[in-house]
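Q: Those protein sequence lines, which keep their order, are chains A and B. In terms of the numbering used here, the first sequence is residues 1159 to 1682. In terms of the numbering used here, the second sequence is residues 1450 to 1597.
The set of hints was computed from the structure by calculation and includes no laboratory data. All values derive from a computational prediction rather than experimental measurement. Be aware that a few hints might be false.
In the EDC-like style, the derived pairs of lysine to aspartate or glutamate whose C-alpha atoms are separated by at most 20 Å in a straight line are [unchecked claim]:
hint, chain 1, residue 1, chain 2, residue 2
1, A, LYS1464, A, ASP1449
2, A, LYS1470, A, GLU1534
3, A, LYS1181, A, GLU1223
4, A, LYS1236, A, ASP1345
5, B, LYS1580, A, GLU1186
6, B, LYS1515, B, ASP1546
7, B, LYS1580, A, GLU1195
8, A, LYS1573, A, GLU1653
9, B, LYS1580, A, ASP1191
10, B, LYS1539, A, ASP1449
11, B, LYS1539, A, ASP1515
12, A, LYS1562, A, GLU1581
13, B, LYS1515, A, GLU1534
14, A, LYS1454, A, ASP1569
15, A, LYS1257, A, GLU1186
16, A, LYS1463, A, ASP1614
17, A, LYS1236, A, GLU1224
18, A, LYS1654, A, ASP1345
19, A, LYS1679, A, ASP1614
20, A, LYS1298, B, GLU1511
21, A, LYS1603, A, ASP1588
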Amino acid sequence: MDAVLPPGIKREQFASLVADLQKVVGREFVFTDTQWELPAYNDAYLTTPAELHQPSAAVAPANVEELQRVLEVARHYKAPLWTTSTGKNFAYGGPAPRKAGYIVLDLKRMNRILEVNEKHGYAVVEPGVSYMDLYRHLQKIGSKLWVDCAAPGWGGVLPNMTEHGVGYTPYGDHVTMQCGMEVMLADGTLVQTGMGALPGSQTSHLYKYGFGPSMDGLFTQSNFGVVTKVGMWLMPEPPGYRPYMITFEKESDLHAITEVLRPLKVNMLIPAVAMTVEMLWEAAVQVTRRDYYTGKGPIPDSVRKKMRSDLKIGAWNFYGALYGPPPMMDNTWEVIRDAFASIPGAKFYFDEDRAKDDVAWQYRKKLGAGIPNMTEYNVMNWIPNGAHIDFSPISPVTGVDATKQYELIRDRCNKAGFDYCGEFAVGWRDMHHIFCLTFDRNDAKEKARANKLFGDLVDAAAAAGYGEYRTHLDFMDRIAGTYNWNDSALLRMHEKVKDAVDPSGILSPGKMGIWPKSMRKGRA
Amino acid sequence: MKARLMKEILIGRRTLACRLVSAMLALGIVGAGGTVNAADAAAAATPAKVTLSPETLAKGSELFVKNCIMCHDRGMEHPGTAALTYLYGKDKGALEDRDNLTPDFVRFFVRHGRGLMPGFRTGELNDAELKVLAEYLSAGPHPAVPAK
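Produce the entire structure from the sequences given, and follow the hints as far as they go.
A: What follows is the structure, encoded as structure tokens:
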């Protein structure tokens, strides 16, 4: 790959910028080598040419003092920085910047677990701490607190929360479980939000809202500051954990499953994020497409039927778990079982009913107890050179919406020649529909088709009143453009905030469609 | 699969494997987001075995557990192992079971990735650590390490 420069910066200025960054973090933590250092900052799962997202450099500060000085250098040169923490936000762009030439601000070295509070049930972490890091630490110190992890366990505790990620235990809504935040503004000011603003506060990680406006949300999915520390509530290990799986025979059962599920969720009988998983997702984590079908286009129904029988899975597969003392779990289970038994063909499974080598069951069982693992990445093994981007619209928890969304995506997906692979994740009142669009990363035509399909889905979903909760770099402007009520009042407000807190426009320009004034022409 | 195995048998020299990786870099055959299939041939290298000090072995194993084992532990529930099993066959799926890895080969794929594996950044695994990790994997096969 050829070297690129930050937008608006000449070669000699860039050399001086790099030298200044080296003075701050040391030569070994400014990366400019295009052969050995910068390739790992690319997004491995791009559907667009890598050149569009190639950084000019990366810089990795070790602490907030170094970060402060990095921001000073960036302001001086008006150099755009792109913040990444653990750098594993794959399917949404990984560590790659929104545009070519940005300098990646890599916070992976800021990876301290600052506190584990057993009594009150929380941990305080820096941006570079992965779920596995925290899990191993808790194991090492003999903690009885659980992690709640994203499915890819190498992801980061802090950045997954700021990206509005979810996990699979009752603490799965990560933003809800965040309490207390330290953030550095573009001018280098370090701010403690909430109770942390009170010197000597004992409740920084116990009460979320502090005094006055609650600011934390401004720094999630945003480019208004650099989050350097968060408190995350951790769930105490419950007296009992009993994960279960319910399989359903018919594709059309999605409607009934969702209707049965809603009151169980609203009344908190199912405390964790409830997953209704389509059969192909279950299959893809344990077999390959070529094991069953070598033709082109989506796999036919007859083949799907055979896979379901071989793998003992349903057309839809519901995952949940019981938590608590055994008598409580027994009672709750009766309600849940009776509710889902109203759907003809429903089959119920506990751990003892599934095989030890059932890859799909075993990793879901781990996720429900917050044990980080990477098994879900197996979905990319479905095809050779598999990569994926995720399309994830939000809808109400109703059978009508679930079916409408499923058909909207499935039909367009099949028409474009891809297999539908998706799941519905139900939170407090919402449903995330996650469509995992898997494509061959070595096939340029297929990547272009995937990119086009994704764009078509954004438009079709928006036309039906559905918006996405998160997205890949390449679609940030397009999706931000769908949230356009009242002449894009929300986006215009975001821009006002951006101009006020980052007048130099150095922090992650274009993140979620928010551009600084100097780059607003770049908005699609 | 047969053709690939043949290619691996034919290209069975460590030095050749190193040259291949260097040449591919120079020619830009492998690179960010690009195809790396040609580099698979280098996996066939038959390295001259080196004996590592107990300290290097211990450190290498520790780095493997910290950085690699989530995807490359033994068992098809690990996506790296599954991917390599689909590619090379059952006995070559888990990296610690391999007897034909070379330091240059490991270094190349750690920094550039392949298939579903993204590259690892210097800020998360530095060059000195990568050197030890590469030596460790090149000294394989290694006995099973329980996942932590």
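Q: When the hints from earlier in the document are held up against this structure, which numbers fail?
A: 8, 15, 16, 19, 21
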